[in-house]
Structure formats: C-alpha cells, structure tokens
Amino acid sequence: MLSAYVHVPFCAQRCGYCDFNTYALGRTALSPDGWVDAMRAEIALWAGPTRGPLSTVFVGGGTPTLMGAGRLASVLDALRDGFGLTSNAEVTVEANPETVTDELLDGLLAAGVTRLSLGMQSADAAVLATLDRVHTPGQALRSVESAHRAGFENVSLDLIYGTPGESPSSWAATLDAALSVGPEHVSCYALIVEPGTPLARRIARGDLAAPDDDLMADEYLLADERLTAAGLGWYELSNWAEKGRSCQHNLAYWHSGDWLGLGPGAHSHIGGKRWWNHKQPARWAASIARHEVPTAGAEQVGVSEAHEERVLLELRLATGLPLDVLTTTEAARVPSLVAEGLATTRRNRLTLTLKGRLLADKVTLDLLD
Numbered sequence: 386m387l388s389a390y391v392h393v394p395f396c397a398q399r400c401g402y403c404d405f406n407t408y409a410l411g412r413t414a415l416s417p418d419g420w421v422d423a424m425r426a427e428i429a430l431w432a433g434p435t436r437g438p439l440s441t442v443f444v445g446g447g448t449p450t451l452m453g454a455g456r457l458a459s460v461l462d463a464l465r466d467g468f469g470l471t472s473n474a475e476v477t478v479e480a481n482p483e484t485v486t487d488e489l490l491d492g493l494l495a496a497g498v499t500r501l502s503l504g505m506q507s508a509d510a511a512v513l514a515t516l517d518r519v520h521t522p523g524q525a526l527r528s529v530e531s532a533h534r535a536g537f538e539n540v541s542l543d544l545i546y547g548t549p550g551e552s553p554s555s556w557a558a559t560l561d562a563a564l565s566v567g568p569e570h571v572s573c574y575a576l577i578v579e580p581g582t583p584l585a586r587r588i589a590r591g592d593l594a595a596p597d598d599d600l601m602a603d604e605y606l607l608a609d610e611r612l613t614a615a616g617l618g619w620y621e622l623s624n625w626a627e628k629g630r631s632c633q634h635n636l637a638y639w640h641s642g643d644w645l646g647l648g649p650g651a652h653s654h655i656g657g658k659r660w661w662n663h664k665q666p667a668r669w670a671a672s673i674a675r676h677e678v679p680t681a682g683a684e685q686v687g688v689s690e691a692h693e694e695r696v697l698l699e700l701r702l703a704t705g706l707p708l709d710v711l712t713t714t715e716a717a718r719v720p721s722l723v724a725e726g727l728a729t730t731r732r733n734r735l736t737l738t739l740k741g742r743l744l745a746d747k748v749t750l751d752l753l754d
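Quick note: the sequence shown uses our numbering, first residue 386, plus one each step.
Read the hints as simulated data drawn from the structure, not as lab findings.
All of these numbers come straight from a predicted model, not from anything done at the bench.
By construction, the Cβ of each residue, glycine as well, lies at the ideal position given by its N, Cα and C atoms.
Among the clues, some could well be false.
[Claimed, not checked] Ranges between beta-carbon positions, derived for each pair:
no., residue 1, residue 2, range
1, 583, 618, 35 to 41 Å
2, 725, 618, 21 to 27 Å
3, 552, 732, 38 to 44 Å
4, 674, 725, 54 to 60 Å
5, 595, 641, 29 to 35 Å
6, 674, 552, 48 to 54 Å
7, 707, 668, 39 to 45 Å
8, 713, 597, 37 to 43 Å
9, 602, 707, 25 to 31 Å
[To be verified] Calculated lysine to any residue pairs in the SDA-like style (CA-CA distance at most 25 Å, straight line):
no., residue 1, residue 2
10, 747, 716
11, 664, 445
12, 628, 387
13, 664, 581
14, 664, 421
15, 740, 616
16, 740, 725
17, 747, 724
Sequences are here, hints too, so could you generate the full structure?
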C-alpha cells in the first residue's frame, strides 16, 4: 500500500522550540495560492509513474489549516484524481486550535478528511507562553468539542511534556483537561531542545532551565496511567488511542512502508529508496514549474541499515518485533533484556515493558549488533 505526506510550510508564527521546515506567512516568496498550484503540479508529476491507490494521507506542517478548507480540498482532489484513495483511506489534517472554526470543520469533512490532529501541547497558559504557542488553554478543548459536533469520529490531541517551568501538577492538569473532551487519540511527546532554536538559546543563556530527564520519566508514567485508565491503550511509545483509532499513517512509517512525500523538504520512501525535496519553498516550486521532480538528494537503503531501522521502529510498537528478524547474536541478548525487566517475549515477538519504554533507545542500542 502507498501513503502520501503533504507538507504545508506556513505558520502564523514560528514557535520557539520548533525546528521543522516552516515559515511565518509572508516571510517566504511562495504564497499560499502558489503552494497549492505547485502542490497540484507535483502530484501530477508523480501520478503517472507511482502506483496508487493511497491508503493514508497526512497533511502536516506548519499549520495546514491556515490554508483554509478550500485550498486543502483542492490538493486532496488532486491526490484522489492522480492516485485514487482506498475505500477506507485515513485522511488526516493537522490543525492549530486558533484556526479552527465550524466553517473550516465542515469544509474539511466535505473534502474527505477523516481525522483531525490538534496541537494542544498544554492546558497551562505559562507553559504555552514558554513554547510560544498563541492559542489559549481552552481553545484546544473547544476545538475537539466542535470537531465532534461537526461529525469527526477520530480526533487526536498532541501534548508536550518536560517544558521548562512545568510542574507535575501542571502536567496532570493538562492530561485531565485533554481527557475531559474525549479525544479518540492522544500523543504525548517529550520536549526536545533542538540546536539553533530560540528555546535552545534561552536555555543556553540561563533564562530557562533545561528539561529534567527524571521529571520527564515521571510525567510519561503519569500519562500512561491516566490515558490507560481512560480507555486509550498505548500502541507506540508516544501514542495512545481507542481501539481502532490508531494513526494508520504513522504505522506505515513504523512498519517501513512506502510513502510519497510532497511539498518543501518532504521525504519519501518507496521500494527501499529514500529521497527528499528541496527545503526552501520557492526553490521547490521553481523546480516543479520547470516540470522537474524537486528532489534535493536520494539514497538507497542498504540491507544492514534496513535491519537496524526495522529493529528501532518496531520495538517502539506495542505489537513488538518478530524475534526471527534478529541475528543470532542479537537473539542471544534477548534473555538478558527479559531478565532486566525491559522486555517480554510472547508469540515469537519481543515487546518492551513499561520500564523498557522509558529506556527504549538504550534497549535498541544494547540489542543491535
């Protein structure tokens, strides 16, 4: 099956912790309408040689909903015409709460969007300010309620823990607030201080404390406890969902599936080959205007690299990693991981325990040759 990722490079303003390929509106030569035209043209470049239909589509960014439902519908129509969609295709659009209106939600549903992913991050106004988020704590909650009223049956909330100044009680209040509106899916991401970001500079100057690893571990455990009790089961290290509401697009990534990345800086992976687009929006659009695929670089994934990536990615999943994909020496290390309480083996699969999930990177390094 084939998936498609569509990158919208625009935001109202860049958040201080973000290192994604995004640009404040008006700070790049490419306009929103220019993005739509280039995106539809890029889809046309791929629609012939690349086989569909698409089983998942994920429109991310950036803030896709800044484009409005009409522009996004135009892009989705191009995907539908160029590749086709499976009858049960999952179509996700990311949204920031301050952009959500009833008109937008109705337009997205009419365009065939089946899943909405909202960036809530926190219910604490001080934490949102540290992250440079512009929405208020209540806007995300109201957006979930509005989405459900409009007819969305799969709404996800993104939360961030470990922000400087966040207390355990603040994080607990964020979890409780998120659960109060009944999202079908919740993602909880540990704050990563990316080099070169305004947040990194503030921490380097001593204006903010660096995230505390022990505190973040405690917050992860609290998230797992609260979300599990609310009926959302973990299916990937940072993701919990009601049964049947896991993000199928992200599962395609974690299972090393095939996906086509469209838009500035988007990455693709098909048939063991990876490639990536020009990051700068104007350069991306200029390549497409010349009827050129806007590829900036490519690589073939080797056997050893593919093996390492499979172990890394599938160990993140609640379904675990098949033991028979391990080398002889890797398999010999499994009993010690089980003895340390980091993993279990059942039905020929290696699965992380809760303790192992906290140390997932270490477990992977210890396991691999």
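> Checked against the structure, which of the hints given earlier come out wrong?
Replying inline: none
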